[in-house]
Amino acid sequence: MISTLLLIGILVAIFVGYNIGGATTGPAFGPAVGADAISKTMAGALMTIFFFVGAWTIGRRVVDTLGRDLVHDPGVFTLEASVAVLFFIGVALFVGNVFGVPASTSMTAVGSIAGLGLAAGELDWGVMGEIAIWWIVSPFIGFWVSLIIGRYFYAELNRRIAMERSEGPLFEIDRSGIVPTPGLSDTATVREAGGVVMVIVIGCLMAYSSGTSNIANAVAPLVGSGELEMNPAIIIGCLAVGIGTFTIARRTLETMGNELTELPLTAAIVTATVSATLVIFLSAIGIPASFVIIATMCIIGLGWGRATRPITVSEAVRGEESAPVSVGALSEDREGEELPPIGEEKEPERIPKASDLFDPATTARVVLMQNVVPAIATLGAYATFRFVPIFGI
Amino acid sequence: MVDDVLVPMDDSEMSERTLEYALEVFPDADVTVLHVVGEPSPMWGRATGLALADDLEEAADEHAKEVFERAREIAAEADGDVVLDTDVELGHPVRAIVRRAADYETVVIGSHGGSVADRIFVGNVAEKVFRRSPVPVVVVR
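For the record, the sequence lines run as chains A and B.
In case it helps, full-length UniProt numbering puts the first sequence at residues 1 to 393.
In case it helps, full-length UniProt numbering puts the second sequence at residues 1 to 141.
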């Protein structure tokens with residue numbers, strides 16, 4: 001007999017999974033749908049399948065971290081506490097979806113559980129520290145890899161990935177034989193087909209990486225509470241994600257100011273590949289990864305690398321060219337801003353430069369703001385579990 | 001007598017009203033509409049999208065085209081023979097506007113622009129321009 005409270009817990013977990021499905025289909029398959037490579041239904045189906053594969057294979061390691069390792073005694077996950085933790089995660093997702101402020105679900109989940117562990121005096125600081133260190137290191141890895149790509153390889157990549165879609169369907173079914181075989185239509189080129197296959201494959205990679213890191217956010221508290229076994233939990237979570245991909249994702253694919261679709265296709269592919277790879281790696285070692293922050297740092301790295309490409313490294317080091325860091329920063333002299341290096345102090349002729357786009361203070365603000373929702377969730381969870389005496393801890 | 005007026009515009013209704021106001025109050029001045037592209041966005045997609053374009057200026061103009069068309073429509077409605085100057089800048093709106101402001105006698109700006117996300121990631125542009133501008137600023141509410 002399932003208790004009412006467990007049922008509520010499962011329902012909240014389903015709600016979280018549903019929102020994850022809605023929120024992650026856009027970044028994963030936005031470029032493919034935008035390029036008319038697949039339909040929205042197809043995007044939903046691929047998302048669900050690859051999310052499940054990721055969750056089933058690697059995702060359970062993250063569930064273990066969140067549900068068992070992060071707290072000394074998983075007994076703190078009373079059903080009431082689990083529901084409350086899921087509630088915080090759900091609110092973070094909701095805020096992200098409604099206000100267009102991307103918030104890392106994983107960071108929020110870790111924050112809420114850490115708040116719970118802290119309030120109960122059961123937080124494992126070793127595990128928490130390990131997670132936090134990866135949160136700092138992984139965006140930098142993404143940044144540097146993308147920076148190198150943007151600086152040295154982007155132009156070449158861009159030439160190869162030409163996604164000029166020709167008129168007419170890409171594939172057509174050849175029914176002249178006994179078995180209908182799909183083939184390239186007359187209007188499509190092989191290169192074009194290659195590009196289309198690539199965006200779809202990378203969408204699947206993103207879906208897989210999302211499964212590895214996000215399943216824990218929906219089900220870890222319930223698994224930690226011991227009320228739900230790992231495998232049924234993963235299946236329930238994936239079903240909920242699936243429902244999300246076929247319903248609200250249709251809307252988010254269209255309307256959400258999906259940042260990846262504002263990028264040129266090549267850039268979206270690079271960002272998606274680098275960040276998905278990092279997320280999968282982190283999940284494989286049991287670390288809940290923050291896709292939003294990693295992807296943002298990849299985007300910044302790519303753009304910055306590209307914006308600074310005319311300056312060779314040695315010139316930049318000698319300071320002969322105005323360095324890539326913003327010149328506009330001079331006009332303001334805000335507190336806490338670093339002084340510009342020597343050689344950069346003369347304001348050159350006002351030509352719009354790509355480097356104007358990457359002002360360090362503003363960039364820092366954007367990255368900081370992405371941590372606001374998880375930070376609030378952490379404090380909120382701590383305060384709730386510490387001072388509201390209904391959670392049995 | 002004010003001769004040169006700078007009107008920073010985004011794609012909001014607020015900035016359309018701002019332009020209307022500027023045309024009404026400074027009917028004899030030369031009005032320059034400034035649009036800033038590649039502003040900070042939640043995942044920095046807009047700025048990077050621009051940075052990755054083959055021709056930065058062309059891409060920037062492309063982004064600004066719609067706003068300028070709307071501005072010209074407003075000018076045409078207000079007074080048949082006003083000729084608007086247009087200008088595109090890159091990067092953070094506050095920095096870009098303050099950078100240009102010195103070339104004008106007055107800045108006329110709307111009190112607020114976009115969404116909650118813009119508020120969080122860009123901040124209140126009018127307020128900061130008002131504080132940092134080298135020339136007088138009219139904030140339209």
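In short, the hints are calculated from the structure, not lab data.
Watch out, some of these pointers could steer you wrong.
[Stated by the list, open to error] The following label-pair restraints were derived from C-beta to C-beta distances: (1) 87(B) with 157(A): 30 to 36 Å; (2) 232(A) with 139(B): 44 to 50 Å; (3) 361(A) with 83(B): 33 to 39 Å; (4) 148(A) with 83(B): 46 to 52 Å; (5) 130(B) with 193(A): 53 to 59 Å; (6) 360(A) with 82(B): 35 to 41 Å.
Quick caveat: nothing in here was measured; it's all calculated off a predicted structure.
Using N, Cα and C, we set each Cβ at its ideal position, and we do this for glycine too.
Here's how the hints hold up against the structure:
no.	hint	in the structure
1	87(B) with 157(A): 30 to 36 Å	holds, 33 Å
2	232(A) with 139(B): 44 to 50 Å	violated, 59 Å
3	361(A) with 83(B): 33 to 39 Å	holds, 37 Å
4	148(A) with 83(B): 46 to 52 Å	holds, 47 Å
5	130(B) with 193(A): 53 to 59 Å	holds, 54 Å
6	360(A) with 82(B): 35 to 41 Å	holds, 40 Å
Checked against the numbered hints given earlier, this structure breaks only hint 2.
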